[in-house]
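Trainee: Here is what each chain is made of, one letter per residue.
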Amino acid sequence: MSIARVYMYRTCTCLILLFSLCICPGVQADGIRPSESNVKSAMLFNMIKFVDWPQGAISADSSPITVCVLGKGPFGAALDALHGENLKGRAVIVRHINQVQEAGNCQILVVGDVDRRAVTSIIEWTRQQPILTVSDLPNFAQAGGVVGFIEQEGKIRFVINITAAQQQKIRINSLLLKIARIVQDPS
Amino acid sequence: MNNIIVLLVALVFWCCEAGAGDTPANNQEDVAVSDLTKLSLEALMDIEVTSASRKPQRLANTAAAVFVINQDDIRRSGATNIPDLLRMAPGVQVARIDSSKWAVSIRGINGRYSNKLLVLKDGRSIYTPLFSGVYWETQDTPLEDIERIEVIRGPGAAMWGSNAVNGVINIITKNASDTRGGLASAGGGSFERDFETVRYGTRLGEESDLSVHAKHSGRGNGLNSGGGDAHDAWDIFTGGFRLDAQSSAGDTLSLLGSYYNGSFNETYTLYHLPGENDPTYSWIQPTTSRDNGGNLMGRWHRTLTYTDSLSLQISYDHYQRRMIVLDESRDTVDLDFQHRFAWGGRNDLIWGAGYRFSHDNLGATPFISFNAPSKGTNLFSAFLHDEISLVPAKLALILGSRFEHNDYTGLEIQPNGRLIWTPTPQHTFWGAVSRAVRTPSRGDNDIVYRYRTLPPGAVGNPLPLRLEIDGNTGFASETIIAYESGYRAELSHHITMDIALFYNDYTRLRVLSIGEPSLLAGTSISQPMLLTNNMHGHTYGYEASATWSPFDWWRLQSTYGYLCSIMYLDNGSTDETNRKNAADGTPRHQFSLRSGFDLGHHFEFDIWLRGADRVGSIDNVSIPGYVTTDVRLSWKAGKKLELSLTGQNLLKARHPEYIPEMINTSPSEVPRTLYGKVTWKF
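In order, the protein sequences belong to chains P and Z.
This note's numbering numbers the first residue of the first sequence as 1 and each following residue consecutively.
This note's numbering numbers the first residue of the second sequence as 1 and each following residue consecutively.
Where hints are given, some of them may not hold.
What the hints assert, rightly or not - Under the rule of at most 27 angstroms between Cα atoms (straight-line distance), these lysine-lysine pairs were calculated in the DSS-like manner: (1) Z:Lys394 - P:Lys155; (2) P:Lys72 - P:Lys155; (3) P:Lys88 - Z:Lys38; (4) Z:Lys174 - Z:Lys636; (5) P:Lys178 - P:Lys49; (6) Z:Lys640 - Z:Lys681; (7) P:Lys49 - P:Lys88; (8) Z:Lys174 - Z:Lys639; (9) P:Lys155 - Z:Lys636; (10) P:Lys49 - Z:Lys38; (11) P:Lys178 - P:Lys88; (12) Z:Lys394 - P:Lys72; (13) Z:Lys639 - P:Lys72; (14) P:Lys155 - Z:Lys174; (15) P:Lys169 - P:Lys88; (16) Z:Lys639 - Z:Lys681; (17) Z:Lys640 - Z:Lys174; (18) P:Lys178 - Z:Lys38; (19) Z:Lys639 - P:Lys155; (20) P:Lys178 - Z:Lys394.
Simulated from the structure, these hints should not be mistaken for laboratory data.
Construct all of the structure, not just a fragment, from the sequences and the given hints.
Mentor: Right, here's the structure in full:
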């Protein structure tokens with residue numbers, strides 16, 4: 001190939017690059033897609049309506065619902081937007097905690113990115129507590145958590161472990177179970 | 001030229017700065033939670049989301065140099081085959097030899113028959129025990145089916161087993177539940193002659209899915225260095241299925257199968273002794289070689305608790321290849337069991353055991369034969385791997401070792417120790433020391449390869465001299481002790497970076513040693529050259545990669561790799577050719593820069609600029625370095641249809657990348673190509 005042609009191709013490449021860069025900022029992205037964390041947060045908010053805690057786990061009808069967040073990650077961070085929201089007369093409080101022992105007064109415990117070993121101890125600790133455990137960690141519900149979020153074909157689905165829910169005395173409305181994937185503990 | 005680059009960079013920044021203000025909330029395009037809570041659960045379940053990739057999070061916990069190529073990277077690369085995709089990963093050397101052959105290695109010692117790499121597809125090893133390498137031309141999985149490719153640089157033998165000396169490549173296909181519905185794609189162009197894929201996935205019941213696919217690919221003849229037809233066209237049909245089922249008790253069951261049937265043109269230079277009617281010593285032979293094979297794999301996985309799980313995997317593989325130099329057929333059965341559990345609060349243990357039996361039939365030709373034409377080999381293995389949390393979530397020590405027993409060298413112990421420190425979730429430091437081996441292949445032990453015939457007088461010989469490469473039943477395992485360290489950082493939501501350093505110490509590497517010549521029927525001399533472990537050496541270098549998403553619609557990824565390789569011959573070996581192959585057969589510098597734009601109106605525009613330094617010596621031939629560019633433009637017409645146009649290697653009409661060592665086939669050059677593709681989902 002001649003030198004002239006080499007330069008011609010180089011120039012063309014440069015021009016294409018330049019052209020594409022300059023037109024980019026002017027155009028809009030195709031329809032805005034929400035982030036998975038925001039969708040999960042909204043789903044969790046809507047799920048609360050289908051969940052009943054046993055007597056004593058939550059006091060008066062007007063007392064707030066406390067969502068505790070353990071561990072970092074985008075899902076936990078997105079939940080902050082629910083703080084102060086109102087759900088059937090109850091306020092939603094979002095609290096970030098550092099260890100599972102602080103979750104005693106929480107109705108919902110969201111497990112973010114934590115060490116694998118920590119997940120097992122969290123599940124063990126909440127086993128006898130009326131706390132709805134929720135996480136988007138893989139296999140969370142299969143491993144004994146109550147609600148696990150999964151992504152499938154770009155959409156968010158949820159898995160409910162009904163054995164765990166029963167053990168923890170949390171009643172989940174059948175309407176919610178209908179649209180969830182159900183797992184049971186092997187025992 | 002430098003001035004032009006400076007000007008270009010300045011313009012680019014100016015354009016972006018000037019334009020940035022026009023894009024509303026340019027970095028945070030999202031829908032507020034408060035707006036989403038107004039929707040019903042069913043409506044929320046129907047929304048397509050953008051993934052705030054968990055990849056860096058998961059990578060942050062790995063004490064090894066890992067690079068992940070995900071489906072988005074695959075689709076936007078415009079690549080049509082797996083070796084070309086691997087060019088994205090730092091520290092991976094990919095060089096095309098002809099339409100159907102590649103030389104692929106990690107951290108050096110590359111070649112058509114490179115043997116220090118373990119390649120797994122869905123957890124099943126796809127290297128052949130014949131030469132411990134991979135027939136890349138038979139791996140034509142539809143790229144749409146691949147979920148991700150994990151590239152691990154450095155020894156992975158403690159976990160994955162022998163041959164993971166310089167690295168592990170793990171090709172992971174999508175779960176059948178992620179490929180529901182139909183997909184048909186077809187395309188073709190100037191060199192990527194034509195390719196067609198059909199895939200259909202359906203639910204079989206509440207918790208199980210089946211996906212089936214068929215693909216055909218055809219690549220045309222390339223051009224050799226003189227511009228002539230290289231006679232290297234390649235054609236393959238692949239079909240397969242995947243069944244995934246899960247029980248409500250936490251069990252998952254996967255059944256995977258595939259079949260392929262292909263042909264590839266090759267041009268051999270073959271040598272013989274001159275006869276009465278034929279005074280020549282060699283001739284050029286264009287041929288068409290054929291290969292076909294299939295495999296079936298089943299995997300069962302049970303989740304016991306979050307930290308405890310069991311898995312069992314069984315696979316069977318059969319293939320055969322018919323070439324002018326060799327007929328090979330092989331059957332392999334593999335069994336693998338793993339148990340993962342937490343112990344004592346601080347230990348995350350995995351242990352496992354495996355067995356592999358591989359049986360071959362190697363049909364002799366005038367060029368290659370094997371001392372036992374048929375042989376079965378056993379491989380027993382067991383491993384233990386413990387991740388010990390020293391400071392919870394901050395500091396962990398990983399100790400592990402694999403114990404293997406093979407029929408050639410007996411017991412092999414491959415331990416490693418790793419330390420990982422994550423002072424904050426955004427920063428990870430790690431270091432590792434490992435020992436790994438490349439166990440002898442069937443070829444190393446038993447091959448008889450009449451490699452070349454030299455006319456009288458060529459090296460002072462009075463008669464024709466036939467050079468013969470002979471296997472060595474005393475061949476030992478090639479050994480590496482590797483020292484590595486690395487740092488990974490998520491500097492902001494938009495910038496991630498990764499640096500890894502390594503020093504590899506090799507001993508007992510393979511070279512040829514001159515044996516005793518013998519007289520053949522008084523008319524020629526046979527000069528045996530024995531495969532021996534007479535080389536040692538070291539390599540060192542580093543790799544760096546960074547991703548930067550200045551805007552939601554623009555993503556940049558750059559990688560750079562540096563490698564220095566120094567090799568020494570031992571015990572009086574004079575095999576300079578193979579020493580130089582190991583020392584200079586890999587480029588010192590490599591880089592890749594990819595830019596992906598979402599142009600809006602459903603257009604995507606991708607540019608991939610990459611280059612490699614010269615290859616100093618491969619069978620005493622040097623190959624110049626190159627810089628090349630791929631460009632891809634695609635348009636989504638609604639949710640169902642995507643049209644794309646890809647130009648590859650645009651900067652030059654063609655460039656050479658490699659030549660094959662050992663087996664004398666003619667290489668071709670990498671041509672400029674242009675192809676179009678239509679993808680339809682139904």
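Trainee: Against which earlier hints does the structure fall short, listed by number upward?
Mentor: 1, 13, 20
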